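Engineer: Now for the letters of each chain:
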Amino acid sequence: AQKITQTQPGMFVQEKEAVTLDCTYDTSDPSYGLFWYKQPSSGEMIFLIYQGSYDQQNATEGRYSLNFQKARKSANLVISASQLGDSAMYFCAMREEDSNYQLIWGAGTKLIIKP
Amino acid sequence: NAGVTQTPKFRVLKTGQSMTLLCAQDMNHEYMYWYRQDPGMGLRLIHYSVGEGTTAKGEVPDGYNVSRLKKQNFLLGLESAAPSQTSVYFCASSRPPGLAGQETQYFGPGTRLLVL
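Taken in order, these protein sequences are the chains called Z and D. Under the numbering used here, residues 1 to 115 are what the first sequence spells out, in order. Under the numbering used here, residues 116 to 231 are what the second sequence spells out, in order.
By construction, these hints were calculated from the structure, which means they are not laboratory data. Be aware that one or more of the hints could be misleading.
[As the list claims (entries may be wrong)] In silico DSSO-like cross-links for lysine-lysine, where the CA-CA straight-line distance does not exceed 27 Å: (1) D:K186 / Z:K110; (2) D:K124 / D:K186; (3) Z:K3 / D:K172.
Please read these numbers as outputs of a predicted model, since none were measured by experiment.
Go ahead and model the full structure; you've got the sequences and the hints to work with.
Structural biologist: Below is the structure:
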């Protein structure tokens, strides 16, 4: 079974609009962390935001926020006021305490911002 | 501060040839990782290391070997390359994961490997 599911292979969004990238996960471990990374066309992996399973509040980092719904096992990334430079692949990843803290990755969502 | 660097950036091999990918980090991180990225898929962990002199298998270790002789370096070896090993290889490093695995992994720029 897929541990991390990103159901949107690709998305087109108008510049300056907000965008939500979906991520659902599967774990029975009570201690885990969820990460979002950005991969622009240049290829590097850029860390965006982290949410821990014990965190009471949703994580925020500048224009990025994480809509964490623990009961639904959902960790969607929200980008406010999208910019052309946000065009990239976005990956959701999970780290479980039981798995030696290895990162398990989703297949990614390709986001294209239209001017 | 270079962060995580990888050598080489691109390589073409013939089936059966061997090569070593070098990863170096200057952040004094204990943990280091090797991933591969294939089209349409997320990253998959090949091997990882939790400290100098230690290595462990990840999700897809077959066909690869690793060594961590120095804390700052993590080497990935392919003894007999196969076309199925054509991929982009990423190295990453991090501090030891804390509660709920918080520590961020920092990635190198990647190595594109083509096996003919």
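Engineer: Decide, hint by hint, whether the structure agrees.
Structural biologist: Outcome of the hint check:
no.	hint	in the structure
1	D:K186 / Z:K110	violated (35 Å)
2	D:K124 / D:K186	holds (22 Å)
3	Z:K3 / D:K172	holds (19 Å)
Hint 1 alone, counting from the list given before, is not met by this structure.
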